[in-house]
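Asker: Numbering that gives the first Met the number 0 applies: residue 0 is where the sequence shown begins, and numbers increase by one.
Any given hint could be a false lead.
[Said to hold, decoys possible] Label-pair ranges, simulated between beta-carbon atoms:
| no. | residue 1 | residue 2 | range |
| --- | --- | --- | --- |
| 1 | Tyr4 | Gln35 | 19 to 27 Å |
| 2 | Arg85 | Leu37 | 19 to 27 Å |
| 3 | Gly13 | Gly82 | 26 to 34 Å |
| 4 | Asn54 | Arg87 | 17 to 25 Å |
| 5 | Gly146 | Leu86 | 24 to 32 Å |
[What the hints assert, rightly or not] Heads up, simulated DSSO-like pairs for lysine-lysine below, C-alpha to C-alpha not over 30 Å straight-line:
| no. | residue 1 | residue 2 |
| --- | --- | --- |
| 6 | Lys132 | Lys57 |
| 7 | Lys26 | Lys53 |
| 8 | Lys106 | Lys132 |
What the hints contain is simulated information worked out from the structure, not anything from laboratory work. Glycine included, every Cβ here is placed at the ideal spot set by N, Cα and C.
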Amino acid sequence: MPVIYVSGDPLLTGAQALAFGCNAAGKTETGTLAIQLLTRYPAAFAVFSKLVRKNEVKAGGYWLWRESRPQLVFMVVRETAAGATRLRYVEAAMMTLARDYRLDLLKSLAIAPLIDNAEWSAMRPLIEHWFGKAQLPVVVYERYLQGVRAEEQLIV
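Please work from the sequences and hints to get the whole structure.
Answerer: The following block contains the structure:
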């Protein structure tokens, strides 16, 4: 299925799951979207923090919180909260998610902005490579626009 690129608020997605970047230290990020997610889903962040402290979730992996709509996919793309996003971690998390989405019973996925604009040129080919041929409908939020519902079109 083709990957759809939109601008808008990923918190308003119609997708079954919302993937977003986080860090392997389990620390809260400081971006607007991260604060919105933490405010809406504090239990998910508390469990995620416990899992990373136990070394059950590592950089380059992901963890799925099923207790919300949308379900939350914590993609671990940084070592620390202040650290830079590493493309190798982004690619590893995407590869695993593209391979295992059927095991996790995912029917559609929205991906929140994972990286800053300067590195976007390297990110888009990774998304196309790992999700472009998957049977999973994927919508990628290129820009976060708080409160703006995107036209996702293909979400089931």
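Asker: Taking each numbered hint in turn, which are not upheld by the structure, reported in ascending numerical order?
Answerer: The structure conflicts with no hint, since it agrees with every one listed earlier.
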